Structures are given as C-alpha cells and as structure tokens.
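Residue strings, one per chain:
4 protein chains.
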Amino acid sequence: MIVVMKQGASSTQISNVVARIEQSGCSAHLSEGEERTIIGIIGNGRPLDHEQIERMSGVERTVPILRPFKLASREFHPHNSVVKINGCVIGGEQLIVMAGPCAIESKAQLGEAARAVKEAGAHVLRGGAFKPRTSPYSFQGLGEEGLRIMADVRQEIDLPVITEVTAPDLVPLVTTFANILQIGARNMHNYALLHAVGESQRPVLLKRGMMSTIEELLMAAEYILSHGNSNVILCERGIRTFETYTRNTLDISAVPVLKELTHLPIVVDPSHGTGKWSLVEPMAKAAIAAGADGLIIEVHPRPEEALSDGGQSLKPDRFADLMANLAPIAQAVGRTL
Amino acid sequence: MIVVMKQGASSTQISNVVARIEQSGCSAHLSEGEERTIIGIIGNGRPLDHEQIERMSGVERTVPILRPFKLASREFHPHNSVVKINGCVIGGEQLIVMAGPCAIESKAQLGEAARAVKEAGAHVLRGGAFKPRTSPYSFQGLGEEGLRIMADVRQEIDLPVITEVTAPDLVPLVTTFANILQIGARNMHNYALLHAVGESQRPVLLKRGMMSTIEELLMAAEYILSHGNSNVILCERGIRTFETYTRNTLDISAVPVLKELTHLPIVVDPSHGTGKWSLVEPMAKAAIAAGADGLIIEVHPRPEEALSDGGQSLKPDRFADLMANLAPIAQAVGRTL
Amino acid sequence: MIVVMKQGASSTQISNVVARIEQSGCSAHLSEGEERTIIGIIGNGRPLDHEQIERMSGVERTVPILRPFKLASREFHPHNSVVKINGCVIGGEQLIVMAGPCAIESKAQLGEAARAVKEAGAHVLRGGAFKPRTSPYSFQGLGEEGLRIMADVRQEIDLPVITEVTAPDLVPLVTTFANILQIGARNMHNYALLHAVGESQRPVLLKRGMMSTIEELLMAAEYILSHGNSNVILCERGIRTFETYTRNTLDISAVPVLKELTHLPIVVDPSHGTGKWSLVEPMAKAAIAAGADGLIIEVHPRPEEALSDGGQSLKPDRFADLMANLAPIAQAVGRTL
Amino acid sequence: MIVVMKQGASSTQISNVVARIEQSGCSAHLSEGEERTIIGIIGNGRPLDHEQIERMSGVERTVPILRPFKLASREFHPHNSVVKINGCVIGGEQLIVMAGPCAIESKAQLGEAARAVKEAGAHVLRGGAFKPRTSPYSFQGLGEEGLRIMADVRQEIDLPVITEVTAPDLVPLVTTFANILQIGARNMHNYALLHAVGESQRPVLLKRGMMSTIEELLMAAEYILSHGNSNVILCERGIRTFETYTRNTLDISAVPVLKELTHLPIVVDPSHGTGKWSLVEPMAKAAIAAGADGLIIEVHPRPEEALSDGGQSLKPDRFADLMANLAPIAQAVGRTL
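Residue numbers (our numbering), protein chains in the order written: chain R, -13 to 323; chain S, -13 to 323; chain P, -13 to 323; chain X, -13 to 323.
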C-alpha cells in the first residue's frame, strides 16, 4: 500500500503516519516529490486497514499495490487448476457444457430435457429446485421435491447434475443430491453461504454478481477457498449496465481477464447473460472463442410453458444445432467439445 | 401487461396469443395499428409470466403496465405508514437519526460512541456485530459477543439499538438483542433472509442493494411485508456507478421517488453512500431537504483506529455539529429533529 | 405509443387525452382494465411528443411501441447492406480488418506500421491526425500534416485509409484525404458533425459512444442516413460500466443485437474496448465468433514509444499472429478473412 | 506517477524503466518490497505517458498521484472564484437561479415564461435556440431566429440570458446574443467546441456529460481555462446509471466533491437531472442544502404544449412556489436567494 500525503502535509503528520506503519510491524519508505510526499508500506506486519490510514491527519488517500486475493491468484498457483466431476474435467482441454431447464417443474419435464441435452452432447444436467425470484409472488421452485426428481433423472440418464443452493442451512441437503453446488449471482456476496459451501468438498460453481467487479468475484472465491474447498468454478453471467436491450451485459472480456488473474476454471452463461434465446448461440460462440472452459445453457422442451425464464431458454433442436456449431469454434481455439 | 406482436404477425399467431391469455382466465383486447398489432391483457386471472408469452411465435415483446409490488405501494395504502420503536416514531413529523460505529469493537468503544451520539441528540444507536466484509481476511465482527456488549450499553444509555442480521438462522438470536433488524445492501436479494425477518414482527431497516433499482428495493420490501411483517423502513445508501471519486453514488432522488411510490418510511445513509467523512454533512443536509424521514450515520470515537470503515466515520464533535446544522434544514422543510 | 392513465383517472381526463390524440390526426383506442385505462395511439398523424402527453392531467406514463429509427432498421431494409471502399466490401462474406497506429506520428512510423499490417493481411490502414484527448496537455495529433503523411503512405502502400474527423468544418479537408471518415465515440452525439458527414457521400465508420445505448447508436446512424449518406458502418468499442479492470466493457452482445435490429455492417474495436493489448486477441476472436463484419485494431511498431494509447497497441508480430489465429474462427462461422 | 513492476521483474527490466524516466528529465525512486518493486517518478521533466510505461517489459501497471487538472484545481487557486454577469455574481453568497423554457418556441412563449420567472425571483433567463436532439426527426430549435427572439425578450424584461452553443462555428453568433454560453452534456467532450468557447471571454456554463466522471468534467473545464477563458461555471445535470425510474441519476454528491477539488462555481439542473417535474422541487432543495451556488430550471407556460422536454418543465405558479420554498433552505445554509 502507498500513502499519498496532502500537498503541504507537515513533518509531524508525516511522522505520525510512519509511526503508525511501524507499530504494525511494517516499514515505511518515504519519497518526497515536488508536490507530494508519498509513503510506501513494506513488509508483512499485521494488515493495515487503508481506511484507518486515510482518517489520519494530512493523508490525502491510499493506493493498494497488491491484489487482495491470494489463494485464487495465478501468482500463488501459476498452473490452471481443474475440477473433476465423475468423468468430467472442468478446466482441461475439453470444453464442458451444462444444460437443462431453469427450474425443475416435473419429472416428465426434467427427463425430457435431460435426454435431449445428453443426446446433443451436454456433459452436466442443470435444473433449479430452489429459485431466488425477484417477486414473492413468482414460482419459487419445487424445493426438496425438485431435488428428488433430479436424483431420479440422474440415475436414469447418467449425467452429473448441478443445482443452486440458496441458504447455509440447505447446504447439507443439496450436497446429498447434487454433483455441483451453484451459488447464484444474487448470493455472490452472501458470506454465510460462501462459508458453508467452503466447508463442503463438493465442487462449487460461483456466479459473478450482476453488480460485482472481477476482483469482488475473486474475493468471493477466496472465501470458499480459504474455508478449505479448492473445487471452485467461476461463472460470468452478465453485469448490470445502462443498456436495456439485453437483460444484462455479458462481459466476455471477463474471460481473458480471469485467465490472467486466476488459475480457476471459467464458464459462461449466455442464457442469463442476455435474457434472449436468439442471442444465446452467438454469445456461446464468443465465450468459447475468448477462452472459456465451458458453458451453462438453459434448455426447455417447451419454453413457452416454462415456469421461469422461458424467454431465454433454447428448444432442444436449437440446442443440438448450437452444439454442432460450437465444435468448429472449439477446434479453432485448440479445444475439444 | 401489453403484448406487442411482430410486424407482419399472422392471424394464427395472434389468435394463439389470445387463446393463451383467455386460458389463464384473463381477457384479451386487440388494437390493430398500421405497423403492429397490440394485445392488452385485462382481468385478474392467474398471473401470466411475460417470458412465456415472449417465447410464443409472432410476439416481439411484452410491456408491463402495473407495478409488481402491491403491499408496498402507495396505491394500496395511500397514507404514510409509521414504524414505532420504543418512544420513536419513524415516518412522522420528527426526523430520526441513528448513529454509532460501523462495528462494535469493545464495550468501551461502543459506550463512548453511544454517550456521544445520545448527547448530540441521536434517537437510535447503531453498531454491527455480524459484519459482511468483501475479504475473508478482514475483521468479521464480534458476533454474539458484540450483541451482548450492545445489550449492556443499551441498558446503560437507554437508546434503542439497530444491528445487522446476515443469515436466516441468526434472526432469532439478533431479535433477542436488537430493536431494529438491519438487512444490509449485500443481502437485499437474500430471499431466505427476507423471508425470515418477514416472519418476525421486529422492525426491519432494509438497505437498497448497491446495484438494485428502486423497484427491486420495493420488491424486497414486498417479501418482508408478504410474510407478515409490516414494520419496514427503507434505506437509500448509494448505488454503484462509473464514478469512482465517491465509494458509491448516493441517489438522493430515490427519496422523493419512494415517497411517490410507497407509504413506507425512508432513511438515508450518507456514510456508506459516500465513503468519505467530509461528504457526510452536506449529503445528510441534502437528504433531509429532499424529504427523508431520517438518517443513519457512522460515528466513531477514534476513526483512525476503527476496525472497519474508519474513513467514513465522523468524530463525536463533528457529529454534534452536524446535528446542530441539520436542525434549521429540518425546520425549513416543516420537520423537527 | 400507448398512454397509461393513473388509477382513478376521471372520464374528463381520459377524454382530454383522446381529444389531443385526435387533434394530431391519429386515432385513440381505449382499453379499460380493472386498475388502469390504457389508450393506444393509432395512425400516421403528426408525431406526438410523449413528454407533452405525460404532462397532461391524469396521465401516469407513456410506452413507446415502434422503435424510433427507420432508415437504419432491418424492417425498413431486410437485407444486409454493404459498404464498398476501393476493392473492399464491408458487410459481405469476407471479414475486413482495419489496422494501424492510434495516432500518426511521422512518415517513418506510419509507413512501418502500414507495411506490417498490409503484409499480415489487413485491408484498411487506420491512423489519427486529429486526436480528441481528455487532457488539453496531451498530444492532439499532427492535424493536416498527419493527413498529408497518410496520403503519402497510402500511395506507397496501396491500402485504403480511415481517419477521424472531429468538427463539421474539417469534413471537406478530411474527405479529400480519407477513404473512410471515422466519427469517434466522444462525437457520437455531435449532431452538427453527423449532419456534416451525412451530406458527404464518403463512407462513415460511426463509433458507439461509451455512454450510449444501442438504440442511441442507431439514432446517430439515422442522422447520417437521413442527410443522404447511406454508407454507414457501425462500430462497437466498449461501454462505460462499474468494472475498472478493463478501460471499457466491450459489449460483444451488441453485435448480434445490431444484426437483429439493423441492416448496417458492424465492426468491433477490441483495442479501445479493452485498453490492454493482451486482451485484444481473445476479444477479436469473440467478436468474429459473434458475427461481426470486421475489426479495427491498433498496431504500432514500438508501442512503448507511442504518443497515444501505447498500452493497447499490438506489435507487428503479434498482429500477424492474431491474423493467423483469426482465420480458423472466421471459417468456423462461414466467413473468410 | 508510480510504476508497479510485476512480481519477479528482472533487474534489467527495472533499470530500463529507470532509464526511461531519467531520459525524460525526471528522477526515479525505487522501493523494493517483499513482493513487488515500486518506482516513484519525481520531478518536473517532460510529461511521461502512463501507457508508454505500461507497455515496457516487466511493468504491471502505473498509478497516477497528481490529479491531471491544474488551472481548475483548488490547490492552484484556493479561494472560490466568481463569475460576474451584469449585476449577478455566481459563486458568491447569493444563490443564482436560471429559469425558462427548454426551447424557444415563439416570442409570446418566451416572453410569458420570462415575465413569470422574473416575477418569481429568477436571476437569469434560459432558453434554447440550437437543440441537440437524439432523433433527427425531433424539433431542432429555431436557430438564429430563436436568438433574435431571445434578444428582444431580454431587452423587454431586463434579465441576462443563457443559451446553448452546439458547434465551434456558431460561437461568434451565439456570443453576440447571449450573456452565458451553455455547453450541453452531449458536447462536454467536444474539444473543438471547448477550444472555441475558451477563446471567447464570455462566461460558459459547462454541463457534466451524462457518463462523465467528475475528473473528466474538470478536464473539460481545463480545456476552456487553458485557452484563456476563466469564466467557467460547472453544472451537474445527472448521470446515466442502471436506474430507469428517473431519466438520469442526479449526482448531488458531485456538489461537495467539486467544492473540495475546484474553485469554480457549481450549479445544478434538477429538471434534466430527473426528467420529471414532480421531482424538481425536492432535488432543487437538496442541491442548495448540499452547497450548490445556483440552479438551472425549466419553466414553461404550458408544459403540455412544449416542443421539447415538457414532462420535466414546471408551470409558472409551481416555480413561484419553489422559489418561496427554497428561501428558508438557503438561509439554513447561510446563503441568500
């Protein structure tokens, strides 16, 4: 961290800041410029809160130098890490596609979707039992009954499954049924929940909050990693901007940025990221071209009857076309599908 | 809801949409314009999901007409509602000021802050025991010990207290200690938590998420109201924008907008809303001038030693000045302090 | 346009709105719902300003039905339009790559860059003579001297050139030298300038403003088209969001959205869109995969000596690699490079 | 500026950066931390472009220390500067209110508005002759005829006038008629226009772009100041955010921030800043409470007939009420109206 003193800061103010830095076990390094004195903080003493320093007399502001995430950073772990689920390896040469309906509505619906996505080549079945919805009057998911349906379908179809967990006390239940625990965008800052899945060893797909920076996504991953679970998959699913034509703005550049900053695998959700089924295929292609390790896509046998997010769901035949059209893009970037 | 058909939609496509509307028990009202057919949905049948309709063939988009919140809306409840806490009435003629440290650090610290804010005229003591922090390595609050300190100080100072609750299973514990439960900005979309505080009868201060629209804030309030708790206080605390000089952009216009849309009382948090203590006083004045029912402000006896958010905390003497300077503004808008 | 009346609007208020609509030569179509009366406006009378209607007594709000752009819309012109420049066709099967330095610094610099990008397969040479810079103390470009250098290099290298025009009175001068006139992101709302290039017949590359919606981009194109110039190429170059790791957030989803809404060709600028050279290649691939008609990329022989935007410029050898790596992506989406 | 080297940067890479800094006439100051080497740049040599340094091998990023504006900064000019227009002083104890219609439509309309706002106590008459409009099909203003109407009304009513100038070649014409030149939000980045008004000595009201940071606003002011015109008034008029209930989000916190950073006077536009007439009064009060030096407000005799922005215009009687209600707020913050 660097401390920038105000223009004309007195020598007492400067020495007070230096004293505070040294109290914490770090050392202070002064640069006296023409217009400002700058103090570098060096060493591994007790962490200093930048806001405390900023409240000291004569201080203009502080500038962080090191990134605040450690376990998630590529500096800490230079090679790509992979997450293994049954036969699947997420983060390796092969791209992984997770597909299925937004919400589990019935065994017939999930089964139909599952057979279709498996036939088209998907590797993981998605489906929500606990649905966080903006309105208390909207369908909130089938809950535990949905999990049981999912388990039945998994046995029949033989695909690993991913489903969302929405509260810390649901983690044990959902872990019994799911191969991958999903943390939704609205819960990326739900630290009690991050803590709970961090204590599990089950792989976690962590979605970027619609209001969260890339650094905050990595700090949320750090919560999970620092509680002992190293099986974290990141997911870009669109951020909120002033543009209203799409539901969110899918930040494809987050893919190469994350590849620079972290060793964790990254998948992209073009369904929630755009909110429109017609945009799913071009954005899925863009994600793969930019280096994503996989995709998570909504597929519903009859989207016009879906109980949630029908407008962004693909029909099975369009999903099959998408998988066929993705293969040459995968090949063009040296991956397989 | 209105359904806008695509240019050149066929009569079969139009009659399919009409049939779907009528199936749900509503009636459909066609307007055939020069370039588009528009279908109005009238009546109180089962709610139709706009995304289902948007997935039907020939449909371009849908347009909502009614706002999705009911219990929170001023149409439903034209008069201002008030929330009573011990002697305080929030939402009446008198402005309510909640003040205290961001985090409870010790009995000495909280006691010193409490005496200072009471003397300056604050009505409620704030202090966090469970702190949601971006970094897993930052101070996370004293937890239950903090609640006990808060209860001790309350007894000594005789001010009602507000503190944050961060997980559904903590609601019973926090309710034992706090007069007002705070839902933080990061948890505005934590529906399990909203559900849990909705089943309590304890007053709830609900903070707007930093990237949540005013409508989403009201939908979060609707969760609490629809689970039976009508004691909801809304709180504007700044939204995330592209501007980086302030930590957030405090959306003062949310105050008069909320006064139009809802009957619930509204307080403003100029400390988190700006992130800088020097901006707290002007923004507190602006909030009152714009019609807010109260303020929630961070005060710390020694901000340069604070374990969280020291940079935005006022010292006790500055808080006393602020209270003195707010009084004439309150009077200018017909309120008392 | 649809007019939504307030709950409880009186019959006089409703008939006043109807009268105003009919005065303008349109007809009004009433839908009386349980909670609101809605009035549809039908016909081709004189255009009604929605703000005038919204100011009428009893009106809650208005909802636009038709998009405000006409000449730019795909409904008006269903087939893709193409822009021809010397041998190049922009918007056809072949992808077009424009490359070169951000600013023209000298004949040696531009010549070196031009030879490199031509050899790597670029189709158009870019280079700025008039540079809009945030600071009045930054290098503002060589101006007319830069244009003369560009003309010399074009003659030598035989590539068409694109350069920015920044003020209406510079349009005749820049038109003498450039094959494509560029309107920069900061000038997308400079209507006097759009008017001036609209009266030229020279192809125009119109960059999306960093604060502009897709609809506003198309309205800016409409200015140029409506003044008689149909040779408009749209350019996505990143929008401003809360994310600060990248300079802007390159909105790749704008590509398929624009392909739905308009017949105009679309190119993407991954250099300004990210601000970091290391992100240029993955985002260039993403743009092509999503359906862009071309790219505009900064290449500088020695970026560490560039007078502007060195951090986002590719070195010639990296640009050559990029072109080689783009070819299979182009092929995978049925295009050639 | 500070240069942060990558983890593990070699001593050659470090000495190359030092050499580059010294070449420019500055000196370099090294801090070798546990994980990073940091290089401070000290002195007044030729300015170094941060992007050039960032392109050097081994450099992770640069951090600016000094703010890029000088003439506009409070450090350069610690006392408030004032702008004098006829009898008015903008930036002194008295608050200045500019009011009138968005667009000049006729002599009758402007005259009626002018008499009303003068009677209510406004100090300056506003009215647009050149209107930048999003759509080429919207009313673009009366142009020079509008300026002549404004001059006639000014003579009759005896109020100074403010009107917008939209292109560099219009500056001489508009200067003949107007007491204050307005630069609209869409032109804040139109550097040719800023240059042109900078060469005039006429006072300029510079509106913040709807997606411009406070620092960029000050850099735009710096363009005007550095071309010799010191009569600059800043104007906050709302920024673009994700919130759609208001047209823009009026950033009231920009007022105290600007008061810290600059000596220039600041006015607020609550009409464009909200887009809704019902929000104008509370936001005008908030602006004054936060420390603004004045307001610019739209008033139209018959807003439901206005040719532009009718929805945000006040009727004369509401404007008179607003002026009466502002007086006690002004007094509460030690100002007069």
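Possibly wrong hints are sitting among the right ones.
Stated by the list, open to error - Once the Cα atoms are required to be at most 25 Å apart in a straight line, the calculated PhoX-like pairs of lysine-lysine come out as:
1) 56(R) - -8(X)
2) 56(X) - 104(X)
3) 70(S) - 104(S)
4) 301(R) - 104(R)
5) 104(X) - 93(X)
6) -8(P) - 56(S)
7) 104(P) - 301(P)
8) 301(X) - 104(X)
9) 56(S) - 70(S)
10) -8(R) - 93(S)
11) 104(S) - 93(S)
12) 301(S) - -8(S)
13) 56(P) - 301(P)
14) 104(S) - 301(R)
15) 56(R) - 93(R)
16) -8(X) - 301(X)
17) 301(P) - 93(X)
18) 301(X) - -8(R)
19) 104(P) - 70(P)
20) 70(P) - 56(P)
21) 93(P) - 104(P)
22) 56(X) - 70(X)
23) 301(X) - -8(P)
24) -8(S) - 93(P)
Everything labelled a hint here was simulated from the structure, so no lab data went into it. Given the structure is predicted, the values throughout are model-derived calculations rather than measurements.
(message) For each hint given before, does the structure comply? Return the numbers of the non-compliant ones in rising order.
(response) 2, 10, 12, 13, 14, 15, 16, 17, 18 and 24
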